[in-house]
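Colleague: Sequence:
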Amino acid sequence: MRITKAGTTALFIDFQEKLFPAMNAKETLLKNSTLLLEGLTLLGIPISFTQQYTRGLGETLESLSSSVPEFSPIEKTDFSCFGAQEYMNFLELHKSKTIIICGIEAHVCVMQTAVDLKGAGYFPVVISDCISSRTEINKLGALERFRFENIMTSTWESILFELIQSSGAGEFKAVSKLVK
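Residues 1 to 180 (the working numbering) are what the sequence shown spells out, left to right.
A hint or two may mislead.
[To be verified] Cβ-Cβ distance ranges computed for the label pairs, FRET-style:
1) Leu57 - Gly170: 35 to 41 Å
2) Glu149 - Glu70: 30 to 36 Å
3) Arg134 - Lys173: 36 to 42 Å
4) Ile137 - Ser167: 38 to 44 Å
[What the hints assert, rightly or not] The list that follows gives simulated cross-link-like pairs (lysine-lysine, PhoX-like), each with its CA atoms no further than 20 Å apart:
5) Lys173 - Lys5
6) Lys97 - Lys180
7) Lys177 - Lys31
8) Lys118 - Lys18
9) Lys118 - Lys5
10) Lys31 - Lys18
11) Lys177 - Lys95
12) Lys118 - Lys95
13) Lys97 - Lys118
Since the hints were made in silico from the structure, they are not lab data. Idealized CB from N, CA, C, for every residue including glycine.
Please model the complete structure; the sequences and the hints are all you need to start from.
Modeller: Here it is, written out as structure tokens:
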């Protein structure tokens, strides 16, 4: 299945101040996720952010939230974003069918969200180089679960180029600069 801009939204899960420092390969995760955010913004893809128990885990990293005009994260207590009514409203508002997913932790909130979205008839695409867990084995376990559940994975660079579809697209040069 080809992923196009129509009906596609993005979900950045729990990139929070007190949770992020414990992530495996966090520098690469932040770099890749920032580039993904920039690219999706250039392409006009609607983006939502979630925060799990903000009082305990803190706000979304400023390096990400400051890039989003009128940043307003969705507060959640369920591990799956699918349990947050505000997120369901976001999907309905944007007539979303395909959801590009990144965030932490891969084996908990990311995995449960992707599984729930797929079960409800959505098409989740997990960006494998924009997810992490405290340990590499937990991330690998999540990737294996995605395969078992038949949930598509991609990389930040691949998904951006798939969304623009052609070197003749108006956004091609701007997205290409992100890769260099």
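Colleague: The structure should be examined with respect to each hint, and the outcome stated for every one.
Modeller: Hint check:
1. Leu57 - Gly170: 35 to 41 Å: holds, 38 Å
2. Glu149 - Glu70: 30 to 36 Å: Holds, at about 34 Å.
3. Arg134 - Lys173: 36 to 42 Å: holds, 38 Å
4. Ile137 - Ser167: 38 to 44 Å: holds, 39 Å
5. Lys173 - Lys5: holds, 17 Å
6. Lys97 - Lys180: violated, 30 Å
7. Lys177 - Lys31: holds, 14 Å
8. Lys118 - Lys18: Roughly 29 Å separates the two Cα atoms, so the pair is violated.
9. Lys118 - Lys5: holds, 19 Å
10. Lys31 - Lys18: holds, 18 Å
11. Lys177 - Lys95: violated, 30 Å
12. Lys118 - Lys95: Roughly 15 Å separates the two Cα atoms, so the pair holds.
13. Lys97 - Lys118: Satisfied, since the Cα-Cα distance of roughly 10 Å is no more than 20 Å.
Taken one by one, the earlier hints fail for this structure at numbers 6, 8, 11, listed in ascending order.
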